[in-house]
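Counting from 1 along the sequence shown, just add 714 to a position and that's the residue number in this note's numbering.
Rather than coming from a laboratory, the hints here were simulated on the basis of the structure. Nothing here was measured: the structure is a model prediction, and the numbers come from that model. All residues carry an ideal CB built from backbone N, CA and C; glycine is no exception. Do not take every clue at face value.
Unchecked claim - Below are the SDA-like pairs computed for lysine to any residue, each with C-alpha atoms no more than 20 Å apart in a straight line:
| hint | residue 1 | residue 2 |
| --- | --- | --- |
| 1 | LYS744 | ILE772 |
| 2 | LYS732 | PHE773 |
| 3 | LYS749 | VAL818 |
| 4 | LYS822 | LEU747 |
| 5 | LYS749 | ILE776 |
| 6 | LYS744 | VAL803 |
| 7 | LYS749 | PRO834 |
| 8 | LYS729 | PHE752 |
| 9 | LYS732 | VAL803 |
| 10 | LYS729 | GLY795 |
| 11 | LYS749 | GLY781 |
Claimed, not checked - Pairwise CB distance ranges (calculated):
| hint | residue 1 | residue 2 | range |
| --- | --- | --- | --- |
| 12 | GLU739 | ASP759 | 31 to 39 Å |
| 13 | GLU739 | GLY795 | 18 to 26 Å |
| 14 | GLY786 | ASN807 | 15 to 23 Å |
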Amino acid sequence: MENIPNQQQNFEVPKTYKIERSEIEIASRKADLYKVGFGAPAQNDQIVRDAELALAAIFDQIEDDLGPVTRGIDDLALVNGPASLPVAVVIANSLLQRYGVVAVFDPKMSGYVVSASSSPAMPVGMVIPA
Numbered sequence: 715m716e717n718i719p720n721q722q723q724n725f726e727v728p729k730t731y732k733i734e735r736s737e738i739e740i741a742s743r744k745a746d747l748y749k750v751g752f753g754a755p756a757q758n759d760q761i762v763r764d765a766e767l768a769l770a771a772i773f774d775q776i777e778d779d780l781g782p783v784t785r786g787i788d789d790l791a792l793v794n795g796p797a798s799l800p801v802a803v804v805i806a807n808s809l810l811q812r813y814g815v816v817a818v819f820d821p822k823m824s825g826y827v828v829s830a831s832s833s834p835a836m837p838v839g840m841v842i843p844a
């Protein structure tokens with residue numbers, strides 16, 4: 715059997731899009747905050763791949779630190795920062811595989827707008843004050 719190198723071992727941090735995760739408390743509940751932003755100039759075809767790689771690296775690190783993580787429908791992911799529409803779809807898709815609720819920061823509302831939810835406690839359109 716041929717020894718195929720693990721691509722994760724050669725992982726480079728994407729340069730066109732940056733994503734950082736931190737644990738916070740907001741409105742008396744725990745949440746994971748994903749700070750996102752553009753890096754080196756590039757077209758969306760490259761940026762979406764880099765965003766997906768950055769999220770995969772974050773999720774791999776979480777599993778390395780904590781083991782397999784099971785999340786419930788009330789688990790909350792917050793997204794704050796600029797993203798093109800194609801990048802926003804990649805971020806939402808990745809987060810929705812792991813969280814029951816995804817909310818995105820809206821500076822005009824000074825809060826996070828629930829944009830996707832499996833939780834009756836946090837319906838789409840609910841604003842979580844920042």
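Hint check results:
no.: 1; hint: LYS744 with ILE772; verdict: 18 Å, holds
no.: 2; hint: LYS732 with PHE773; verdict: 14 Å, holds
no.: 3; hint: LYS749 with VAL818; verdict: 10 Å, holds
no.: 4; hint: LYS822 with LEU747; verdict: 19 Å, holds
no.: 5; hint: LYS749 with ILE776; verdict: 16 Å, holds
no.: 6; hint: LYS744 with VAL803; verdict: 24 Å, violated
no.: 7; hint: LYS749 with PRO834; verdict: 26 Å, violated
no.: 8; hint: LYS729 with PHE752; verdict: 8 Å, holds
no.: 9; hint: LYS732 with VAL803; verdict: 15 Å, holds
no.: 10; hint: LYS729 with GLY795; verdict: 16 Å, holds
no.: 11; hint: LYS749 with GLY781; verdict: 23 Å, violated
no.: 12; hint: GLU739 with ASP759: 31 to 39 Å; verdict: 37 Å, holds
no.: 13; hint: GLU739 with GLY795: 18 to 26 Å; verdict: 20 Å, holds
no.: 14; hint: GLY786 with ASN807: 15 to 23 Å; verdict: 19 Å, holds
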